[in-house]
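Colleague: The residues making up each chain are set out below.
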Amino acid sequence: MSLSHTLLALLERAPSHGYDLKQAFDARFGHDRPLHYGQVYSTLARLLKNGLIQIDAVEPGEGPERKRYAITDAGVTDVAEWMARPERPEPYLQSTLYTKVVLALLTGRDATEVLDVQRGAHLALMRELTRRKSTGDLADALICDHAIFHLEADLRWLELTAARLGQLAEAVHP
Amino acid sequence: MSLLLSARDLRKTYGSTVALNGADLDVSAGEIVAVMGPSGSGKSTLMHCLAGIVRPDSGRVLYRDLDVTAASDSERSALRRGEFGFVFQFGQLVPELTCVENVALPLRMEGVKREEAERRAQSWLERLDVADMARKRPGRISGGQGQRVAVARALVTEPRVVFADEPTGALDSLNGEMVMRLFTHCAEEFGTAVVLVTHEPSVAAYSHREVVVRDGSIRTTAGTL
Ligand SMILES: Nc1ncnc2c1ncn2[C@@H]1O[C@H](COP(=O)(O)OP(=O)(O)O)[C@@H](O)[C@H]1O
Ligand SMILES: [Mg+2]
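Quick mapping for you: the protein sequence lines, in order, are chains R and Z. Under the UniProt record's numbering, the residue at position 50 of the first sequence is numbered 50, and the numbers go up by one with no gaps. Under the UniProt record's numbering, the residue at position 61 of the second sequence is numbered 61, and the numbers go up by one with no gaps.
Be careful, since some hints might not be right.
Cβ-to-Cβ under 10 angstroms is the rule here; a few derived chain R residues that face chain Z [to be verified]:
#1 Ser-2
#2 Leu-3
#3 Lys-49
#4 Leu-129
#5 Phe-149
#6 Glu-159
No wet-lab data here; the hints were simulated from the structure. Predicted, not measured: the structure shown is a model, and the values here were computed from it. Heads up, the beta-carbon is just placed ideally off N, CA and C, and yes, glycines get one too.
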């Protein structure tokens, strides 16, 4: 999962301090693994260097927590491109896809589009495996079938999520 | 490949239910198009409009040069008999007829002699690995076998377009694969177009492209990485 895109998209909602960003992340995506402050600040430093965020307020005092960060236009574009781009279909994508869908809802984007684009990418790979299956030998067929069934599991999850987007939107915007 | 079917801005309501809300679709010869989407989204209605079974409230379906939506009932039924093959989701075989008679039926309706029709029917039953069921009635065979008999019946007339609504729903993976390979073969060898409604991604993977129906209209996805 892309931590920098996730933090960036969370910043798209509203400018935020590093601490609040970590809280927002942990509350939504950190179920089993809360972020370390170190990860948050090193990611923010990289985003800052790349011009995707800027410091929009500094409070007096010491320590990194004085700075409030805001997304730049380049940052918004970067989030939009990430959203629009399907993930490479591979095992254990759920957490990335889940994150993307929640962030699409949070930032007022079309979450259905995220799911549709991903379905397209998954099906394209399944087609290729299906073709390979019909030209290869039995061993090829069995190997392809394994990959196909895993992709199919992802796709079932995508369909179910699409069917539950209304519910999810309510949970995301209580 | 040449364009066979072209649907524009199809709308259909049943009472207060909007089944189709401006659906567009083009299907070319030799093309397998998977129609996906949640249940109740309008997939079957779309297919029935394309096939001239249901008349849309508005919009147009062209099959080659024929305006299907404006055609008379007899023109439409001639089209369905002569050019199209159907595999329906439910209740497709005639219970009083044996399997081979069921498969031969569309040929008989075209005026093919009984013996010739049953000979051709039998060869399709063989291709679908249900030749042993030929003399049985549909009530005496399994759901999956019945589904394959229905596929044989859809293909026996060598139609230009096959409309298949969840054709592999009752089949296990291997038999589903057999049916999809047969469709692929027909598309490649004879230029048959296949409009395939399915919710199974591994079945849709045999298509050349997929369209997704949501709330009665079509969202096309481009699967680019
Ligand atoms: N003959 C009919 N009479 C009344 N409502 C219908 C009829 N056919 C379909 N519908 C309704 O139209 C909508 C779309 O149905 P359908 O095309 O069968 O969807 P799908 O095949 O995607 O499940 C559904 O809400 C369904 O209940
Ligand atoms: Mg249906």
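Colleague: It remains to establish, for every hint, whether it holds in the given structure.
Modeller: Hint-by-hint comparison with the structure:
1. Against a cut-off of 10 angstroms between C-beta atoms, the interface hint on Ser-2 of chain R is violated, since the closest Cβ of chain Z lies about 16 angstroms away.
2. The restraint placing Leu-3 of chain R at the interface with chain Z is violated, with a minimum CB-CB distance near 22 angstroms, outside the 10 angstroms limit.
3. Hint status for Lys-49 of chain R: violated, given a least beta-carbon distance of 28 angstroms to chain Z, over 10 angstroms.
4. Using the Cβ-Cβ criterion of 10 angstroms, the hint placing Leu-129 of chain R at the interface with chain Z is satisfied: the shortest such distance is roughly 7 angstroms.
5. Against a cut-off of 10 angstroms between C-beta atoms, the interface hint on Phe-149 of chain R holds, since the closest Cβ of chain Z lies about 7 angstroms away.
6. A distance limit of 10 angstroms between C-beta atoms decides the matter here; for Glu-159 of chain R the minimum to chain Z is near 7 angstroms, and the interface restraint holds.
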